[in-house]
Amino acid sequence: MTNILIRGLAAAAFASFGSLGLPLAANAQDTIKVAYIDPLSGPGATIGEVGLKTFQFLADEINAKGGAAGKKFEVLGFDNKVNPQETLVQAQKAVDAGARILIQGNGSSVAAALQDWAAKHNDRNPGKEVLYLNYAAVDPVLTNDKCTFSHFRWDANSDIKMEALTNYMKGQTGIKKVYLINQDYSFGQSVRDTALAMLKAKRPDVAIVGNELHPLLKVTDFAPYIAKIKASGADTVITGNWGQDMSLLIKAAADAGLQTNWYTYYAGGTGGPVAIKQANLNHKVFAIAEGHANVPFAASQATEKAFRAKYGVTVFYPRAFNQMRMLAAAMNKAGSATDVKKIGAALEDMKFEVFNGGEGFMRKDDHQFFQPMYVSSLGERDAAKEPFDEEGTGWGWRTVARIETKDTMLPTSCKMQRP
Amino acid sequence: MAELIIISTLNGVLFGMLLFLMASGLTLIFSMMGVLNFAHASFYMLGAFFGFQIARWAGFWPALVIAPILVGGVGMLVERYGLRNVHKHGHVPELLFTFGLAFVIEEVVQMIWGKAPVDFRVPALLDFPAFTIFATNYPAYKLFMLAISVAIFVALFAMLTRTRVGLIVQAALTHPHMVAHLGHNVPLVFMTVFGFGAGLAAIAGVIAGPALVTQASMAALLGPILFVVVVVGGLGSLPGAFVASLLIGLLQTFAVSVNLSMADLLSFLNFTPRPGTVLRDLWQVTVAQIAPILPYILLVLVLIFKPTGLMGTRDT
Numbered sequence: 029m030t031n032i033l034i035r036g037l038a039a040a041a042f043a044s045f046g047s048l049g050l051p052l053a054a055n056a057q058d059t060i061k062v063a064y065i066d067p068l069s070g071p072g073a074t075i076g077e078v079g080l081k082t083f084q085f086l087a088d089e090i091n092a093k094g095g096a097a098g099k100k101f102e103v104l105g106f107d108n109k110v111n112p113q114e115t116l117v118q119a120q121k122a123v124d125a126g127a128r129i130l131i132q133g134n135g136s137s138v139a140a141a142l143q144d145w146a147a148k149h150n151d152r153n154p155g156k157e158v159l160y161l162n163y164a165a166v167d168p169v170l171t172n173d174k175c176t177f178s179h180f181r182w183d184a185n186s187d188i189k190m191e192a193l194t195n196y197m198k199g200q201t202g203i204k205k206v207y208l209i210n211q212d213y214s215f216g217q218s219v220r221d222t223a224l225a226m227l228k229a230k231r232p233d234v235a236i237v238g239n240e241l242h243p244l245l246k247v248t249d250f251a252p253y254i255a256k257i258k259a260s261g262a263d264t265v266i267t268g269n270w271g272q273d274m275s276l277l278i279k280a281a282a283d284a285g286l287q288t289n290w291y292t293y294y295a296g297g298t299g300g301p302v303a304i305k306q307a308n309l310n311h312k313v314f315a316i317a318e319g320h321a322n323v324p325f326a327a328s329q330a331t332e333k334a335f336r337a338k339y340g341v342t343v344f345y346p347r348a349f350n351q352m353r354m355l356a357a358a359m360n361k362a363g364s365a366t367d368v369k370k371i372g373a374a375l376e377d378m379k380f381e382v383f384n385g386g387e388g389f390m391r392k393d394d395h396q397f398f399q400p401m402y403v404s405s406l407g408e409r410d411a412a413k414e415p416f417d418e419e420g421t422g423w424g425w426r427t428v429a430r431i432e433t434k435d436t437m438l439p440t441s442c443k444m445q446r447p
Numbered sequence: 002m003a004e005l006i007i008i009s010t011l012n013g014v015l016f017g018m019l020l021f022l023m024a025s026g027l028t029l030i031f032s033m034m035g036v037l038n039f040a041h042a043s044f045y046m047l048g049a050f051f052g053f054q055i056a057r058w059a060g061f062w063p064a065l066v067i068a069p070i071l072v073g074g075v076g077m078l079v080e081r082y083g084l085r086n087v088h089k090h091g092h093v094p095e096l097l098f099t100f101g102l103a104f105v106i107e108e109v110v111q112m113i114w115g116k117a118p119v120d121f122r123v124p125a126l127l128d129f130p131a132f133t134i135f136a137t138n139y140p141a142y143k144l145f146m147l148a149i150s151v152a153i154f155v156a157l158f159a160m161l162t163r164t165r166v167g168l169i170v171q172a173a174l175t176h177p178h179m180v181a182h183l184g185h186n187v188p189l190v191f192m193t194v195f196g197f198g199a200g201l202a203a204i205a206g207v208i209a210g211p212a213l214v215t216q217a218s219m220a221a222l223l224g225p226i227l228f229v230v231v232v233v234g235g236l237g238s239l240p241g242a243f244v245a246s247l248l249i250g251l252l253q254t255f256a257v258s259v260n261l262s263m264a265d266l267l268s269f270l271n272f273t274p275r276p277g278t279v280l281r282d283l284w285q286v287t288v289a290q291i292a293p294i295l296p297y298i299l300l301v302l303v304l305i306f307k308p309t310g311l312m313g314t315r316d317t
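Order-wise, the sequence lines are chains A and B. Take 29 as the starting number for the first sequence in this note's numbering and just add one per residue. Take 2 as the starting number for the second sequence in this note's numbering and just add one per residue.
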């Protein structure tokens, strides 16, 4: 009998330990809880941590100016291990902890699950709806066939990025043989298919000498893949890889002495620049993004300085700044920090000066944010014009092409159902 | 093509030798004690993290010696105060014990070193390309890894076949009970072998740490492959583990470079499934794409057709 009692007590104690990850703020009722659901352990943790820091930095910034709709932001981290099932468990935990704003970005497979969950949750729990703000999952389908009212995306989708990259590649006559290597899941396959279609249309003379899909965040040594790229005789590699799949890929290229041009989405991520410097790929690695540290814009450079001073890392997510600042603006406009239907409506068609300067806007039709995009390359800097380097390498990003907002617009197949 | 074959062979042999460093300990422990040690890959991870920490304080070379000794010590303690107590309750509790231990070690590592990968660098002395074939560099560090693994393999083999200790261990491999009846201090032998196996895994961890990624999930990534090696090689067979390690190392590396798909193999049938159907998707999958699951297919096939493994004598 006592035995059972003790076990029961132990179980209860264990259960309360489990909830220690939840907010410990004294006046927890008065904050706007924002749940950050991304990998905080395992192979995705390096980028997940940077994202969490970015959103905490932004919460501090907005709170210092008085918060939104009279309340302060509070960011709660939830570890989803880049796993769709785990994400749904964490999303439920986040909602139970009082969060109505969910933020996620890493992994389009995860994003699709969360998007679906959020829509169903909103149908079943009127009055307790959530908004899902996506800062990095770029599978086009999320704002096309699968679009939902509760999902908003601040990162340019994969098609927009590939359109910009291939437009730049069109003018690079040195490109003869292209190798594609991508992660084997929805996003990687989407990058591959779009690259094939767009290259065929824009550069029919280019030969595709390789087309590879590898497991997502499982490969720890890319040497076999690099050997294959080398053997194919490729002069250019296109990849949508992110996280350690990007840094380890370039690290393996550095070890093997592979000298090709790299057209990437996320070469700037943790570990990327160090590997690029090690491989001595001076201005041969290109990335497409909505901004970088050396964009000549006073406000973003000041923030960059403050961010680096505080965390010792680069602002890798300018879009997160647009996202949180716009969320605060939408809450002020809606006059509420909890009525997510009103906040969502306020976000629609909102125009906003983006982090790196220039105007962006949230398209009402599909909840895709459009903004100026930059193709940039990493290499030696002109210290006067390019003040920031990356990861202590001395090398920094240089803009090679800027694409205006209007030129990034692609049509959508979304048929939004509004509440 | 020749270039791809040579480089892939080097990479495959290297990966295979790393696997062998771990599988040798695992198979020794299994054959002596009958324990399938689920925590074995965790000792590999401990080796990498200990190596990282010691390399920070004292440099890489001391780490290469000290870390495996420390992990070996941890292994002995685990055997002495954990496994030995559980042993009297039979095999299932032992299995569960090592299973739980793997989680405990992972959590402890996360508490101490965090959940993100740590920055374990290749020592500057070995950070250069060793040689160039067909304009591809081969890093000196990888050559070093290969040399260490081969050296340990040779030493292990010499010890098992040429020394008295090896004689007892070998006898225990095939006739564990007879050895006990002959009056040897079997608990001590068990403890030493367990610690030694853990130490071997730790050596693999220290040398693989800088080349692969030192992170808390590295044990979970490699653990399942180890069991494949041990089962395919034959439980309790060291030569079997060696052959299976190389086989799986080469299989995984070469599979990556093969682009064949069902569509290519069966093209003579003049049959192409309609686009958009499931069959079409299956038709297009290349060997390279299924490379990561090939070892497990091999595992299933071996268990069906030759349950003793390639060189084993005992049933799994």
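If you're looking for bench data, these hints aren't it; they were derived computationally from the structure. Since the structure is predicted, the reported quantities are computational estimates derived from the model, not experimental observations. Backbone N, C-alpha and C fix where the C-beta goes; we use that ideal spot for every residue, glycine too. Some hints could be false.
Said to hold, decoys possible - What follows is a set of in silico ranges between Cβ atoms, one per label pair, in the way DEER data are often shown:
hint: 1; chain 1: A; residue 1: Thr-421; chain 2: B; residue 2: Ala-131; range: 19 to 29 Å
hint: 2; chain 1: B; residue 1: Asp-282; chain 2: A; residue 2: Ala-235; range: 23 to 33 Å
hint: 3; chain 1: B; residue 1: Gly-91; chain 2: A; residue 2: Pro-112; range: 35 to 45 Å
hint: 4; chain 1: B; residue 1: His-92; chain 2: A; residue 2: Asp-88; range: 54 to 64 Å
Claimed, not checked - Footprint (simulated), chain B over chain A, 3 or more residues, beta carbon under 8 Å:
hint: 5; segment: 128-141
hint: 6; segment: 320-326
Do the hints match the structure? See the list:
no.	hint	result
1	A:Thr-421 <-> B:Ala-131: 19 to 29 Å	holds, 24 Å
2	B:Asp-282 <-> A:Ala-235: 23 to 33 Å	holds, 25 Å
3	B:Gly-91 <-> A:Pro-112: 35 to 45 Å	holds, 39 Å
4	B:His-92 <-> A:Asp-88: 54 to 64 Å	holds, 55 Å
5	128-141	violated (count 0)
6	320-326	violated (count 0)
In this structure, the hints that do not hold are numbers 5, 6, in rising order.
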